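Protein chains: 2
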Amino acid sequence: MQPLRPTLTRFIASAFGSKAHRTASSTATNFSVQPQPKQQQPQQPQVPKAAVSRARLARHLELTWRQGSASHFPLTWLRDNCQCPQCYHPESKSRTVDWATCDVTIKPKDVQVSDDGKTVIVDWLDAHNSRFSAEWLHERRFEEDARKKWLSTYKQKKHIWGSAQEENFPRKRFNFSAVMSTDGGLLQWLLELEMRGVAILEGADSDESTVRKLAERVAFIRRTHYGEEFNVKSKSDPSNVAYTEQALQLHTDLPYYEYKPGVNMLHCLMQAQGEGGENQLVDSLRVAMQLKQNNPEAYKALTTVPIDWSDRGVEDGRPFQSLHRAPVICEDAEGNVVRVNYSQPQRDSHFSVPLEQVDGWYLALKEFTRLALSDENCVQYKTKPGEILSFDNLRILHGRSSYSPAVNQIYERHIVGAYLDWDEIRSRIRVLSQQEPTPLAH
Amino acid sequence: MQPLRPTLTRFIASAFGSKAHRTASSTATNFSVQPQPKQQQPQQPQVPKAAVSRARLARHLELTWRQGSASHFPLTWLRDNCQCPQCYHPESKSRTVDWATCDVTIKPKDVQVSDDGKTVIVDWLDAHNSRFSAEWLHERRFEEDARKKWLSTYKQKKHIWGSAQEENFPRKRFNFSAVMSTDGGLLQWLLELEMRGVAILEGADSDESTVRKLAERVAFIRRTHYGEEFNVKSKSDPSNVAYTEQALQLHTDLPYYEYKPGVNMLHCLMQAQGEGGENQLVDSLRVAMQLKQNNPEAYKALTTVPIDWSDRGVEDGRPFQSLHRAPVICEDAEGNVVRVNYSQPQRDSHFSVPLEQVDGWYLALKEFTRLALSDENCVQYKTKPGEILSFDNLRILHGRSSYSPAVNQIYERHIVGAYLDWDEIRSRIRVLSQQEPTPLAH
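The listed protein sequences correspond, in order, to chains A and B. For the record, in the first sequence the residue sitting at position 177 is 210 according to the numbering used here, with numbers rising by one throughout. For the record, in the second sequence the residue sitting at position 282 is 315 according to the numbering used here, with numbers rising by one throughout.
So here's chain A without its partners, still in its complex pose (with noise of 0.2 Å):
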């Protein structure tokens, strides 16, 4: 949309302006309304920064703001948010409405500015009256800066990294007291996860209670059919390759689950003694980009071809059986990569696709994993007791190297993990960044 010109701070008000009962055209009626009031001082130093200085109505409310340019706002959408008591209820911020008898081409029948600008009054053909403040409506203009700055606060932009941004892996470190304890701490670390989809907090106490804490100072654990906390420790009969000291080839947890958690928080208690143990971490935004850049016949096979993730076990007495169908990479509407599947101990043995699909795939497979363990995109790291590892569930993949088993229970490799999902993290991020003077990063 063009910006229009700037138009005069006074301006006549047409016939119509004072005509109550008459139906504003939904064509091209130039329909004006309060005159501004005569400038008393030349410099109008009160005149606050979104104030409005002309109302026009044609297809749209026009708009004109005091700084000269235009924003137009759909009539329904006026009518649709009108703040009235019958319309909307303050204490819950909700719109009530009722689209069982609301006339969504409802035309106002008079608008009004406030002499200070700062106030706009739309008197509805319904009866209605609507009193939106000029601020309330700048914010909400449907000109792309004003939409991409609402939506800068939906979901942070993402950093695509591969090992060479991560010589001195993790490049940013938080501290654990400073997280749990400052609003910014936290804001920080989550900023940092969501962006980037790694961090590491020190510091932690050697409590197997340390991750729910400080899960429940985000909001409170996601759980699963494996409970809240799970001890990621060897165990005989594990329902879970991750209960033995095997290694585990890099992976996504949960694939199985249509809501796969979205983050994963490993508490480090104990780390294997020697050789093993290690984490591997690659961020499979950037191994998704390369394939689709170098090989889009495997990158297709990998965002269309739709696989039988699935778990069966049981745990504490209750057997489950999850099943999920969906390809390894998938894509939104738009084409982004919205969530990666990777497990190869919880892809199914059914293959549940036209046989001609079937070796095609295993090729694109094996290209994906040949790019993610490269060197260039897989770095390591051997957690320290008193760290927590923090990740993106729905894009980092994650590996464990083999280790020895202890010889006796004091040496035990022992993690305590728990999950949280975005839906509460973002909400955390919001909140914490209108309470905090830092600006949201990008």
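Certain hints may be false.
Chain copies aren't distinguished; within one or between two, either way the pair holds.
Below, computed lysine to aspartate or glutamate pairings styled on EDC-like, alpha-carbon distance capped at 20 Å [as the list claims (entries may be wrong)]: (1) Lys191 with Glu291; (2) Lys191 with Glu367; (3) Lys151 with Glu95; (4) Lys246 with Glu261; (5) Lys126 with Glu348; (6) Lys268 with Glu241; (7) Lys126 with Asp381; (8) Lys142 with Asp156; (9) Lys190 with Glu291; (10) Lys181 with Asp381; (11) Lys142 with Asp392; (12) Lys333 with Glu367; (13) Lys82 with Glu177.
Quick caveat, the hints were computed from the structure, so don't treat them as lab data. Owing to the predicted nature of the structure, the values given are computational and were not obtained by experimental measurement.
Following the hints, put chain B in place on chain A, whose structure we already have.
Structure of chain B alone, referenced to chain A:
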């Protein structure tokens, strides 16, 4: 794929059959193995249903079943699913083949079938030896009938309904005690919930903990920022319009969650005395279907224009700002409706799309609303104390008429609600379906 014609049950081993270390051709070497034993009885009475009569290697392994038909299995898939202790971890039922080193173009040097036709033994060039039971392979055939059978355990087919099908709503009722105490009762309720999207349990205790017990009978409560159980009754300073006596327009709960809870359970402890407090229930799949047929333009607007669903407030002293952007009707890649978001109170006043999309979208929403509220789609039901109304929150629109506040606390309308997720419900259905003799209903 054409079913192959029945082949001989006795087949002479080719020259290739017994030569170790010779590479199986990837093109068309007819390579058969293991001559069938001479039949001692004329009728083959002991031959198991899934038994192989012949194995042949070409691009894929071709197995001819004793009954005559043939199936093809990709070689890579067979190698990928080797069940030897190096490639498969039986306790966790997990594939452990290392994809960093595995050759996805691997060929066998030999294939054998056991005398009774019940086991296929593949001797690979990488020194692995895989044994597959004929029954295991038969279940995993790539033919459409086998794939359909497996997929029938994934999700239940949905039965779309309108009010004409619900004359005596609810068509089926479920006894709370039977659901709590018998696996058959639990399974039948969950199947109804998945297929028709709505089910009523009756005869529940009049206890605030009942809905928790029910959730834990299935799996566990899906928590949200409103907590685990939530009490729906009129309260002062409500963070949600549900916590008032006002009418609630048709809606789905929590559209502002990217991972929206799957099932809503509303336990009626006390119903409003006199007029009001009825639930409206609508199958949005039927509304979407009608809209698609009769007004494709409106359907397109509702499936493509992203809406900012939001919820802001404070619950238990903690502020939240939830936000999710998604269309009203969400389709999967095949155009199936997988989720509906619909809520006047929780549609944000920010409408973050280009101006020119707004008017058409409002007209489309109005038409969707008109269809949803039509007599043929909307059923009314006032739950009674002791009843639990359960429904699919991704599919069913629900509303509530306004009611008069209680004059004293004793007669106050009081509903206790909780959510479950489909991941857990479907897992439970699969487990129960294997325990129960009742086959899955379709």
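- Task: Mind listing which of the numbered hints don't hold for this structure, in increasing order?
- Result: none
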